[in-house]
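Protein chains in written order, with my numbering: chain A, 9 to 314; chain B, 195 to 717; chain C, 3 to 376.
In case anyone wonders, no lab produced these hints; they're calculated from the structure. Watch out, some of these pointers could steer you wrong.
[Unchecked claim] Going by beta-carbon spacing under 7 Å, a handful of chain C positions derived as facing chain B:
hint : residue
1    : R226
2    : V232
3    : L235
4    : R241
5    : G244
[What the hints assert, rightly or not] Okay, derived cross-link-like pairs now, BS3-like style, lysine-lysine, Cα gap no bigger than 25 Å in a straight line:
hint : chain 1 : residue 1 : chain 2 : residue 2
6    : C       : K5        : A       : K308
7    : B       : K685      : B       : K398
8    : B       : K589      : B       : K221
9    : C       : K175      : B       : K221
10   : B       : K617      : B       : K589
11   : B       : K377      : B       : K398
[Stated by the list, open to error] Partial chain A-side listing against chain B, Cβ under 7 Å, derived:
hint : residue
12   : E179
13   : S180
14   : G188
15   : I300
Positions of the beta carbon are idealized from the N, C-alpha and C atoms, including for glycine.
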Amino acid sequence: MNELALLVAATLASGTPLAIAGLGLLLGEKAGVLNLGAEGMMLVAAIAGFGAAFLTGSDTIAFAAGAAAGAAMAALFALLAIGLNTNQYATGLALSLFGAGFSAFVGVAFVGKKLPDRAPFELPLLADLPFFGPALFRQHPMVYVAIALVAALAWFLYRTRAGLVLRAVGESPESAHALGYPVRAIRLAAVVTGGALCGIAGAFLSVVYAPLWVEGLVAGRGWIALALTTFATWRPARVLLGAYLFGGVTMLQFALQGAGVEVSSQLLSMLPYLATIVVLALISRNPLWIRINMPASLGKPFHPGS
Amino acid sequence: MMPTDAPATPMLRLELTAISKQYPAVKANDRVSLRVAPGQIHAVLGENGAGKSTLMKIIYGAVRPDEGEIRWNGEPVAIRSPAEARQLGISMVYQHFSLFDTLTAAENVWLGLDKAGSLAEVSARIAQVSREYGLELDPQRPVHSLSVGERQRIEIVRALLTNPRLLILDEPTSVLTPQAVEKLFVTLRRLASEGCSILYISHKLDEIRALCHHCTVLRGGRVTGEVDPRTETNAGLSRLMIGAEPPPLQHREARPGEVALQVRGLALAKASPFGTDLRDIDFEVRAGEIVGIAGVSGNGQQELMAALSGEDARAPAGTVTLFGQDIGRAPPGARRALGLHFVPEERLGRGAVPTLSLAANTLLTRTEAVGRGGWLRMGRVRALAESLIRAFNVKAGGPKAAARSLSGGNLQKFIVGREIDAKPRLLIVSQPTWGVDVGAAAQIRGALLTLRDEGCAVLVVSEELDELFEIADRLLVIAQGRLSPGVATSKATVEMIGEWMSGLWPGADRAAGAGPLPEPAHA
Amino acid sequence: MLKLEARAQPSQAMSVASPLIALALTVLLAGLLFAALGKDPLKGLGIFFVEPLNGVRAVSEVLLKATPLILCALGLAVCYRSNVWNIGAEGQFLLGAIAGGGAALWLGHQGVGGPQGLYAPLVLLAGVVGGMAWAAITALLRDRCNASEILVSLMLVYVAQQLLNYLVFGPWKDPGGFNFPQTRTFEVATWLPALLPRSRLHWGFVLALVMVVLFWVFLFRSWRGYQLQVGGLAPAAARYAGFSARSSLWTALLVSGGMAGLAGAMEAAGPLRQLTPHVSTGYGFTAIIVCFVGRLHPLGIALAGVLLSMLLIGGELAQSRLGLPNALTGVFQGLLLFLLLACDTLINYRVRWKRGGLASTALPAAVVAKEGAA
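Working from the sequences, and respecting the hints, build out all of it.
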């Protein structure tokens, strides 16, 4: 029973960076911008967060550094893809490749370094509940932030006028432009905010989850977060659900190893990636459903004044 | 309304003086002047490319002029953005709607208003205005489920909610049946009587003469005349618009021969969530005749065209036959080999690839230059493009010019020419002269008539009733995915076709067994 | 303020100039970076752009590394021109190495002998099939399930890496290899034939050059190539013309998978002559950059392949000579791609300096509206 509780706890922790990054990407995609640079943003934010944590010992500064790094990378992407109308796919790819190289370069100084031990965080009273205590209430605050973020984003998108404008921009930037809305500025804001969120997710990985730095720490989670938005058909609550699902699959490999299952560790490591493929295949099967839920202008360039 | 110490001449609502706008390739507006009085319905007449859209964009703040002065109620102003225009009281209803398909009508209107209350307040005001002006609209319906006429109503209601002092309407009747046009005119006259000025952009002479108090005519970016259309004839307006009366088309009696295309009982479910189902389509086209299909856009024309061209190859066996051969499941290439050629309504992106040269674009439908093993003989490809450019009077920078560098009319001439030059036995054309200047339009219509006289079967789908009455021998109407019976053009009237566009032709199936009653297609 | 104005016709001149401008800017930024790191900029730039070409041996290393880059990038060019976003070339490369390496190991097990290169064609063929099979998974899922080829092909990269690890740590590990994760060394007969004595350059390089020509013909003189490109430029026009989107998808992915697999097998059977977890140093991803810098054009790709190969070698040299981390190459590669994308805007747009329109004596509309709500 205790093992199950620990598994649940590990799943929550594992799914949290996916959820936060997924929500950040969702924001940009709702505005019609596809940022394939998620992996790169998370990598740069991870090293920024780790470096900040190592040098200052403060979690808050580390997360702030991660958010800033993610936002900066996203701004670079936005400058090209929104400002100069470059191909969104290629530009996002460039961001990922650049991020991989840059983070590896800067991170050389931090390989093998350790962060000071952290006092385990517990919600008072709730943490002592049988089963639910260790399962749910002994998590890093960021895990709860992720859940709050879902609610906040859902409220913003579907209950505020600003959120409606954002969705309109994603549906038809040409119409929004004709109505006088600053489409590019709105997209920029969405992308940069999304980048900051991806940055927080990256910092979480290196400062809380691992916690260490090696080249390629993010191990494809940025790409999985991209798959999450499709899996969630662009609805915030489903992003969280999907994130926990993938977190669970990732944890599964350790659980299986621990249970003595006779499968080589490398094959088990494939699980999260294979799971992503299977999920994508199942979700994308109905093109009509995707069309109704997907922001219509996703990935397409927008030319004001055409 | 007017101050007592007003000057002797009544103050104009809007006055443009010597407005000019230069684009890289063309001077869109050349010292244009416009004077609109309060409560006046003022037409801006001109053919495609005359500069009407640019002028409206300047008034609406979407574009800044290079020179000239704008005065609003006597005061000089600089309109720097649509928001500033709206603050003045200028409201615009676009030809191509600025709507968001997945949002509701109320949300769409809300987005178009600058300072609005909550969504609920706006919904209430929508209900009120639509009742008042007779523009039925359900605020909670998502836009993708609405007909084109209903979508236009959203645009108009949105404009009305801003209490406009000047309302600009850009080609509003291209999506309406003749009966709906009458209803729109009633609304506009009411607005004008309340003191709102109306700028009515159109190239339809009959409508302008029926509705408007005053008319400014544009040609080639310049004003060629300011007249009272109620006292002018169509010929007079035409002369101002294109510099001459339109060249009369040579009409010869049609001599229909064998059946080229036969469609029997074609029913197709819509391919996309926002499409139209086709039901019970029955008609035929014979060699040597032009059959026209009329209808307001959004009633299944696109689906029917795709089914005939081969882009949608799901037609059940036996429903579509060409010269006796079943082609329902055949891809476009196979249909072309049998003599069926198609000109789609979208030029850039479907009829031609924008960034490829004219020469490369011939390969889309003309494969004579493809050698053995798939080797492309570029010399032959270029030669074909050159001959098309010459034969069809296409103004372009040679066969290497990119398709997107041509004007709409010239590109259309090239595409139509490409298909006619292939010596088809059946030519299907969708919206042949949409967005094309009058000169090119006349050339294209002339080419279609010549083709018919040479024995080719021609099917034309068009939203312009005038065009169909001019060149078609027989008329059909498509409404809500169904096709009316055919009628000889000589025996048809605009009123009758207008009714048919609402689905009200003799024998129209309204039985309960035909499934849920669809939305009426008329506005 | 600066405004972008669309050109009526894409500019041919800028199409060629853009990569050069991007390269120049990258060099500039690289120099600044060296200075910021406390190293002599000229020395640093020299290591990346001059040293690698210093002598026949050095040039042979550049061409050796360029070969897999060019092969992969040619396949990717076909994909990207068809608007099929295959970014899993790295995975297809690894499967090619696995398949080719597996074939070489099997042939060695069968006891084949002979001069160097006798069985190389078989090994390479196995690599092509392996790469194609891996890409076929992506094609199948996109075709049947509409799944994004970007995400599927990328996930398969991670799967491929784990597969390679599994094989060299497990069933294929060399029993006489002191427990290192590596396979037995392949038999000489399965190696690629050497091209230049006293260098590692092999005939694979010549094959790459031949492929450059073949791909040029395919893209610009073949009916199939035309169909693929129209599908990428204007899908509605391709449907109108009757070009099969499905067949284009499969062609694009199988071609690029096969080329990446070929490159992978070549690396395994060429310079490495065994399989290790480090068969690829990110060739599949670097090839993406080669593809774009080469303008998705076979000739450009050949040149860009050489350029990026120089950057790769420069990175290694910078590590040993200047004490800078090897990851520096990754930074330069990313920079180059960014700058290239930015410069590419100039192909379709002109930069203009725009001033305002109306005479400044006119009041702003907002003021007039407040004053007189007529």
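Here's how the hints hold up against the structure:
no.: 1; hint: R226; in the structure: holds (6 Å)
no.: 2; hint: V232; in the structure: holds (6 Å)
no.: 3; hint: L235; in the structure: holds (5 Å)
no.: 4; hint: R241; in the structure: holds (5 Å)
no.: 5; hint: G244; in the structure: holds (3 Å)
no.: 6; hint: K5/C with K308/A; in the structure: holds (20 Å)
no.: 7; hint: K685/B with K398/B; in the structure: holds (23 Å)
no.: 8; hint: K589/B with K221/B; in the structure: holds (17 Å)
no.: 9; hint: K175/C with K221/B; in the structure: violated (74 Å)
no.: 10; hint: K617/B with K589/B; in the structure: holds (23 Å)
no.: 11; hint: K377/B with K398/B; in the structure: holds (17 Å)
no.: 12; hint: E179; in the structure: holds (4 Å)
no.: 13; hint: S180; in the structure: holds (5 Å)
no.: 14; hint: G188; in the structure: holds (4 Å)
no.: 15; hint: I300; in the structure: holds (6 Å)
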